[in-house]
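Construct the complete structure from the given sequences, taking the supplied hints into account.
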Amino acid sequence: MKRLLIVAHAPSPNTLRLREAAERGARHPDVEDVEVTVKPPLEAGPEDVHACDAILLGTTENLGTMSGALKDFFDRSYYPVLEDKQGLPCALYVRAGHDGTGTRRAVESIVTGLRWKWAQDPLILRGEWQDAFADRVEELGLYLAAGLDGGIL
Numbered sequence: 001m002k003r004l005l006i007v008a009h010a011p012s013p014n015t016l017r018l019r020e021a022a023e024r025g026a027r028h029p030d031v032e033d034v035e036v037t038v039k040p041p042l043e044a045g046p047e048d049v050h051a052c053d054a055i056l057l058g059t060t061e062n063l064g065t066m067s068g069a070l071k072d073f074f075d076r077s078y079y080p081v082l083e084d085k086q087g088l089p090c091a092l093y094v095r096a097g098h099d100g101t102g103t104r105r106a107v108e109s110i111v112t113g114l115r116w117k118w119a120q121d122p123l124i125l126r127g128e129w130q131d132a133f134a135d136r137v138e139e140l141g142l143y144l145a146a147g148l149d150g151g152i153l
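Taken in order, the sequence shown gives residues 1 to 153; the numbers are from full-length UniProt numbering.
Everything labelled a hint here was simulated from the structure, so no lab data went into it. Remember, predicted model here, so these are calculated numbers, not experimental data. Hints are supplied without guarantee of correctness; some may be wrong.
Below, a list of computed lysine-lysine pairs in the BS3-like style, where the Cα atoms sit at most 25 Å apart [as the list claims (entries may be wrong)]:
id: 1; residue 1: 39; residue 2: 2
id: 2; residue 1: 117; residue 2: 2
id: 3; residue 1: 39; residue 2: 117
id: 4; residue 1: 117; residue 2: 71
id: 5; residue 1: 85; residue 2: 71
id: 6; residue 1: 71; residue 2: 39
id: 7; residue 1: 85; residue 2: 2
id: 8; residue 1: 85; residue 2: 117
id: 9; residue 1: 85; residue 2: 39
Written out as structure tokens, the structure reads:
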């Protein structure tokens, strides 16, 4: 059984919809052999990263960078997983009120240092809320879970 970890900051009803959409996609009935764990960044830690086979990160754009909660997750997890989890497939979605480039750059810098591999380019959800954002995040969750299930990731 493969394990997908979703670590996503959800401080608002809409960002909670995104995290729920990621989980819904990852738990699609066609995905049979993937266990999904969903945690807010302040509750996730290196033990969760050690136990997973892929990770989906979700964050809001806060003052041009990732949420403090996701930064805290990285601060606590970076060195404990650095050597053991190189090559970990990962993906990212950003709920950006503006352009999301600073947030993307900040997370990409950390992921590069960890030597994780991108399963897909980061998904930036820009501007005013759109219901289609949840659909796109659900597809991302399904993509990662199906990739693990099929042995592609």
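Hint by hint, here is what the structure shows:
Among the hinted pairs, residue 39 with residue 2 is consistent with the structure: their alpha-carbon atoms are about 17 Å apart, no more than 25 Å. A hinted pair counts as satisfied when its Cα atoms are at most 25 Å apart, and residue 117 with residue 2 qualifies at roughly 17 Å. With a C-alpha separation of about 21 Å, the suggested pair residue 39 and residue 117 falls inside the 25 Å cut-off, and the hint holds. Distance check on the hinted pair: residue 117 and residue 71 sit about 19 Å apart at the alpha-carbon level, within 25 Å; holds.
For the hint pairing residue 85 with residue 71, the CA-to-CA distance comes to about 18 Å; that is within 25 Å, so the pair holds. Under the criterion of a C-alpha separation no larger than 25 Å, the hint pairing residue 71 with residue 39 is consistent with the structure, at around 14 Å. In summary, the hint linking residue 85 to residue 2 is supported, as the alpha carbons are separated by about 15 Å, within the 25 Å threshold. Between the alpha carbons of residue 85 and residue 117 the distance comes to roughly 10 Å, so the proposed pair stays at or under 25 Å and holds.
Our distance criterion of 25 Å between C-alpha atoms is met by residue 85 and residue 39, whose separation comes to about 19 Å.
Going through the hint list in order, the structure satisfies each hint without exception.
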